[in-house]
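Input sequences plus hints: build the corresponding full structure.
Order-wise, the sequence lines are chains A and B.
When the first sequence is numbered by the UniProt record's numbering, its final residue is 628 and no position is left out of the sequence of numbers.
When the second sequence is numbered by the UniProt record's numbering, its final residue is 820 and no position is left out of the sequence of numbers.
Heads up, some of the hints might be wrong.
Cross-link-like lysine-lysine pairs, in silico, DSSO-like; alpha carbons within 30 Å at most [claimed, not checked]:
1) Lys753(B) with Lys815(B)
2) Lys473(A) with Lys753(B)
3) Lys421(A) with Lys338(B)
4) Lys568(A) with Lys727(B)
5) Lys753(B) with Lys763(B)
6) Lys763(B) with Lys719(B)
7) Lys370(B) with Lys31(A)
8) Lys41(A) with Lys31(A)
From the derived model, a few chain B residues whose C-beta atoms are all more than 12 Å from chain A [stated by the list, open to error]:
9) Glu200
10) Ala267
11) Thr270
12) Asp538
13) Tyr654
14) Gln665
15) Lys709
16) Arg754
Treat the hints as calculated values from the structure; they're not laboratory data.
Using N, Cα and C, we set each Cβ at its ideal position, and we do this for glycine too.
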Amino acid sequence: MPSSHDWINKPLGVVEAMFAQSNSNPEWEAKVLEYFKGQLKEKESHSWVPSLNDVPLHYLKPNSLVKFRCLVQDMFDPEFYMGVYETVDPSTKVLRCGKYKDVTECGVDLNSRNTVTAERQTFYCVPIPGESPWAKEISFLSAARVVPSTSYVPSRQKRSYEEDDDMDTQPQKTKWSLTELQSSSPHGNGDSKRQETEAPSSQTTAPSDCSSHLDLNFPLPGERGPACLVKVYEGLDSFKLNDTLEIYGILSVNPVLTVIVYPYRDPSLLLLNPTESMETPEEQRAHDPPASLVPRLHMLYARPLQHNNPLLPSAPTEDQSAFVSSFLVEMASVRAELLAYLTHVLLGDGLAAEYLLLHLISNVYTRRDVLPLGKFTLNLSGCPLNSYTERLYQIVQQLVPCSYRLSMSLHTMNSMRLVPKKDYVANRLVSGALQLARNTSLFLDETQLEQGQLDSSGVRNITALGNLISWQKVDYDFSYHQMEFPCNINVLVTSEGRSLLPSDCQVPLQPQVTPPNMEEYLTTIHMAQFTSQINKFRVYLSLARTLDYSISDEVTKAVEDDFVDMRKDDPQSVTAEDLHRMLVVARLLSLSLGQTTLSRDGWMRAKHIDMLRRSRTEQQKSLNGNEP
Amino acid sequence: MSSPTSTPVGSKRSRDDIPVTRKLYRNRLSESYLQILPSEVDMSSPLMYGTPSSRLEGTPRSGVRGTPVRQRPDLGSARKAPQVDLHTELPSADGAVASEQAAGQKLVIWGTDVNVGTCKEKFQRFLQRFIDPTSNEDENAGLDLNEPLYMQKLEEISVIGDPVLNVNCSHVQSFDADLYRQLISYPQEVIPTFDMAVNELFFERFPDSILEHQIQVRPYNALKTRNMRSLNPEDIDQMITISGMVIRTSQLIPEMQEAFFQCQVCAFSTRVEVDRGRIAEPAVCRNCNTTHSLALIHNRSAFSDKQMIKVQESPDDMPAGQTPHTTIVYAHNDLVDKVQPGDRINITGIYRAVPMRENPRQSTVKSVYKTHIDVIHFRKTDEKRLHGLDEDSDQKLFTEERVQTLKELAAKPDVYERLSSALAPSIYEQEDIKKGILLQLFGGTRKDFSQTGRGNFRAEVNILLCGDPGTSKSQLLQYVFNLVPRGQYTSGKGSSAVGLTAYVMKDPETKQLVLQTGALVLSDNGICCIDEFDKMSDSTRSVLHEVMEQQTISIAKAGIICQLNARTSVLAAANPVESQWNPKKTTIENIQLPHTLLSRFDLIFLMLDPQDEAYDRRLAHHLVALYYQSEEQIEEEFLDMAVLKDYIAYARTYINPRLNEEASQALIEAYVDMRKIGSGRGMVSAYPRQLESLIRLAEAHAKVRFSDKVETVDVEEAKRLHREALKQSATDPRTGFVDISILTTGMSATARKRKEEVAQALKKMIQSRGKTPAMKYQQLFDDLRGQSKAAITKDMFEEALRALADEDYLTVTGKTVRLL
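Here's what the structure looks like:
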């Protein structure tokens with residue numbers, strides 16, 4: 001570890017020095033970026049940078065380099081700022097650099113001819129919605145391993161983390177219990193420790209007391225963590241809404257940034273200085289929130305995240321490929337263990353476990369015109385009632401880095417905002433529960449749905465879910481028009497009968513065991529797993545998703561022949577849609593075994609399990625047919 | 001300077017502006033010169049001698065005396081601009097400017113290269129001479145295109161009395177590129193000069209006119225910027241045109257232009273002009289020398305109207321995956337309340353950036369500027385939806401190369417096949433359906449028969465897809481919806497009649513009634529995709545009748561009675577009533593839609609599973625390929641979606657094919673043939689509506705070829721496609737013949753014949769029973785069933801009873817049947 005961390009502690013010093021050397025040559029900007037990129041490339045160096053996700057804001061040094069793992073929730077309008085300005089004091093007239101800063105220092109000579117106006121854009125970023133507690137925990141611990149360059153001593157904070165999260169990390173200590181887990185789930189009432197940065201539940205639209213309570217606009221209710229206004233200087237077009245990024249930037253928490261909004265304005269102010277009075281209080285609140293709650297981050301470097309699994313190397317570098325090839329050897333054995341685990345969880349139903357496993361590694365890998373390819377929405381029907389689904393979700397949550405359970409009760413469907421909506425008064429995109437990062441597991445619990453009246457917003461919500469499943473897109477509501485945002489969300493629907501939502505594949509659950517006490521049963525299963533084991537599963541699921549895949553000409557031919565044969569016997573039995581699904585199943589099945597090409601065996605296996613599944617659904621249908 | 005606001009001549013460049021745009025003149029003006037110029041120019045200094053107003057004595061000539069000047073807050077502070085003599089200071093000015101100015105005077109407005117005299121002369125020359133014979137703008141309707149355009153407009157002003165002259169910047173550019181450059185770069189100085197020039201000219205010509213105030217020039221259509229996203233710091237203080245949608249308007253803001261102060265001691269009054277939102281309050285009374293005795297009198301101060309408008313980027317201009325940008329726009333004076341939220345507008349204005357003034361006591365200042373646009377001209381792009389044609393509203397600008405590639409593509413002999421296979425490549429085959437949809441995308445030629453009383457002739461092609469669930473109908477609809485710029489996608493299940501047409505809403509704030517348009521109106525000139533057409537309620541469906549033939553929507557609600565244009569093509573998809581398509585039934589019986597509606601579809605396609613081995617093989621190959629081909633391979637095979645989009649847009653805008661002689665003959669023959677087929681069996685097999693469909697399809701096919709003439713090939717293809725569609729949808733399953741009456745009357749001729757037979761059989765049976773005035777319904781039904789050879793359903797029996805009741809032979813009351 002190098003002795004001097006100036007580039008982390010005083011990044012602005014580095015910037016200023018480079019600016020001073022540059023002699024107004026605009027190339028210095030590229031040099032700055034180059035420098036920081038180079039520093040971060042060094043082995044492990046990125047882990048020395050304290051993370052906003054892990055360290056509370058008040059422990060971080062202002063104007064130091066920090067990183068932030070986040071989702072771009074909203075993009076504000078571009079703004080012009082003084083890139084270079086001259087100080088007003090004639091005795092010390094110097095050029096200064098305004099880049100990576102929110103405020104100017106000393107007086108500014110507004111009439112100077114050396115002023116350079118430049119453009120930047122602000123992104124409103126929130127922590128990745130639905131990030132699983134274990135993912136947060138592990139990234140936190142790995143960050144705490146290296147001595148952070150701040151005055152902050154992480155052990156204190158760590159203890160408080162342990163209070164609510166230790167059952168996740170050390171289940172072998174038998175501290176883990178489902179009731180405890182429930183209390184730490186987002187639906188628990190939560191503790192009031194970090195009340196100030198906790199999002200109010202998004203059901204309460206436009207709270208009347210928003211002056212006292214800042215709405216941080218998190219997509220999911222009950223989320224917490226710092227939101228951040230990220231100032232972006234370069235490559236504006238390369239960022240998209242809902243991108244997950246790891247941003248390295250200079251932290252700015254200057255109290256000047258806080259705009260005090262007076263409830264009653266001075267009317268003369270309005271008369272004489274209309275430019276500033278034009279923003280509504282709502283807009284000011286959304287765009288200039290107190291820096292102590294929503295810090296500003298001046299981006300120096302951003303890395304798009306393929307996944308947010310802290311157990312996997314995040315950058316596609318050499319060590320990742322080494323990591324992948326070493327893990328591929330284990331792949332088949334881990335798969336078998338995971339399958340056994342899931343079978344237990346699904347009450348001994350091996351087929352459902354197989355499908356759940358395939359679902360968990362599914363991924364929209366490309367789109368042909370409007371058709372998303374690779375999506376695999378699973379409808380697990382015939383779920384036992386009495387909070388079985390809740391437990392099931394908790395187990396899924398333990399396996400994937402990002403997830404959210406949407407309990408589809410009549411009340412939530414009618415009252416919850418799923419689709420993000422543009423609020424023109426505050427000029428921001430009010431988030432909804434469907435604004436999720438890529439590869440988030442969305443767990444729709446239809447067992448919670450009871451009979452009753454859906455109102456118009458309920459119908460809209462159901463339609464939005466249907467669109468999400470069928471086309472993997474969400475139509476954001478811009479009031480005068482809708483805008484389509486493609487997404488990549490794994491949807492798992494649990495229901496009693498067939499789901500009212502469309503799905504790619506329905507598997508009726510056939511429990512082989514009926515444990516008298518479901519909770520106890522599931523708890524014991526979970527406890528039997530060691531953390532190392534669970535971690536293996538986590539790596540496995542994230543990794544299998546990223547593998548490449550191809551089909552050889554030979555196998556293509558075989559599949560074609562097979563399809564023609566199947567149609568010959570009974571054209572009604574196999575349709576194009578079935579072929580679509582079987583091809584997806586075959587793809588996922590191959591990937592789950594670590595095979596990157598489809599083999600004949602793989603195809604036969606896929607056909608086989610699909611047959612099993614279909615016979616099961618047929619059976620279900622005829623059963624239902626007998627009792628009208 | 002007794003009255004500082006007498007003329008809106010060139011204003012001083014405010015020195016607080018962002019100096020980025022100063023690069024231009026910074027090079028030209030010497031350093032020493034800049035130091036001579038203090039920020040506040042002394043009005044008596046010799047620098048002011050060239051101010052236009054001093055030379056011209058306000059506005060010139062007679063008639064002007066009664067016409068007050070109106071301030072132009074849109075151009076910033078209405079102060080004089082000092083002019084500077086470039087001649088001595090800068091002998092080495094750049095070529096073009098120098099040579100031009102060598103002959104005349106060398107005075108330019110400070111900070112620019114604008115010479116007031118030259119500029120004025122040029123503009124007057126432009127007004128007097130500019131002729132645009134090819135103009136097709138609606139503003140110029142009724143003007144003689146071979147006369148100087150703007151002189152006619154001045155004449156119009158003298159008649160109507162609206163003292164605003166809109167000037168198309170592209171006209172200025174084509175007339176004098178240098179003048180255009182100056183206008184774009186220094187609007188704040190050049191536009192007042194234009195004002196001056198125009199007033200001089202106007203009052204010379206119409207000395208007796210009385211106007212509310214002097215004429216103001218409003219340039220529009222600056223070619224500089226089109227897209228809000230492309231605005232950057234270089235554009236500050238320049239004139240720009242952007243397009244967007246109004247999302248919010250503020251209330252009217254009175255903005256002080258001139259403050260009126262009165263001395264409390266001696267009642268001496270003085271006026272102080274507001275300079276960039278600040279008033280310099282006079283500390284000492286000039287009359288009695290009392291300090292701090294002056295008080296602001298609000299009633300006598302001058303105010304102007306101002307409104308803040310927020311404009312959002314229009315969705316078509318945005319890159320995918322980003323949120324739309326918004327911009328603040330200030331409207332002044334009579335432009336206030338010209339636009340409403342939801343309007344799509346083109347704004348021409350001056351782009352401004354103002355430093356944020358924080359608390360002056362703090363030394364640190366936010367380094368951010370506030371930007372806005374001072375609007376000079378609004379142009380609504382969708383206002384013509386209520387009346388007339390708006391071909392130019394969404395005219396896309398194509399680059400030369402693009403047009404070239406499109407034309408090359410059109411010249412290929414297989415362009416029709418190419419395009420149709422490029423349509424929704426992920427959906428396998430269904431060639432004819434894709435061809436049909438392709439023709440729908442192009443549409444027919446719009447014809448106007450309003451002189452002969454027929455009104456508009458529908459040019460849009462409507463298509464209905466029926467078929468088994470899961471035959472990728474929805475996918476096709478989604479694709480089309482994504483392809484066309486004005487597409488709407490609704491589902492029959494979720495939409496109501498108002499959601500499709502329009503509804504009247506009361507704005508909660510203003511209590512104003514607002515017309516909210518629904519999917520059909522929104523897709524005017526586009527395609528409205530309606531999924532699950534069969535699930536639509538009857539009342540909803542009934543609004544479609546008007547749309548699909550007359551192409552209008554009539555609204556009579558809450559005091560608003562109007563007719564909106566809805567020239568939309570309808571692409572609908574319907575599922576059979578039974579879960580599976582029953583090949584033994586007719587189309588009508590399968591989808592249970594009223595025949596009145598069905599006959600309005602030009603093409604009705606069945607999407608059925610073909611169930612044949614070769615097809616299966618190709619389908620399998622296609623699907624498997626979908627799952628492993630890389631993106632590059634896919635692009636090689638098919639046309640880019642963007643090219644297809646442009647191709648369609650180009651053809652729709654620029655190609656208007658007409659029938660040639662042979663084609664008309666071919667059409668006549670085709671129609672006669674169609675009529676003949678049926679007449680042999682005593683059926684009508686074609687109606688004029690089918691002929692119209694054929695014409696539309698032929699025209700659309702000619703558009704695909706980029707041909708201005710509809711030729712026989714087009715008619716042949718139209719005939720083929722029409723026949724294919726009929727074969728699928730109008731084949732009588734009982735006889736195997738194509739019978740158009742299935743679609744037009746809802747019943748095939750054979751079915752009608754059979755209905756009569758059943759009624760006759762029933763009558764015979766009743767007659768054979770003798771005198772029984774009343775019979776049991778159920779018994780009669782059973783008897784008839786027993787007697788008849790063919791199976792008789794309850795529906796058929798009831799229909800027969802109804803037929804006999806119509807003949808006044810019997811009546812049905814409850815469960816008994818009485819003879820009359």
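Against the structure, the hints:
1. Lys753(B) with Lys815(B): 27 Å, holds
2. Lys473(A) with Lys753(B): Roughly 52 Å between the alpha carbons, so the hint for Lys473(A) and Lys753(B) is violated.
3. Lys421(A) with Lys338(B): 27 Å, holds
4. Lys568(A) with Lys727(B): Holds: Lys568(A) and Lys727(B) sit about 26 Å apart, inside 30 Å.
5. Lys753(B) with Lys763(B): 16 Å, holds
6. Lys763(B) with Lys719(B): Outside the cut-off at roughly 44 Å; violated.
7. Lys370(B) with Lys31(A): 29 Å, holds
8. Lys41(A) with Lys31(A): Holds, at about 15 Å.
9. Glu200: Glu200(B) is indeed farther than 12 Å from all Cβ atoms of chain A, at 34 Å.
10. Ala267: 24 Å, holds
11. Thr270: 18 Å, holds
12. Asp538: About 20 Å separates Asp538(B) from the closest Cβ of chain A, which puts it past 12 Å; holds.
13. Tyr654: Answer for Tyr654(B): holds, closest chain A Cβ roughly 26 Å.
14. Gln665: 40 Å, holds
15. Lys709: The claim holds: Lys709(B) sits with its nearest Cβ about 33 Å from chain A, beyond 12 Å.
16. Arg754: 31 Å, holds
This entry does not satisfy hints 2, 6, going by the numbered hints stated previously.
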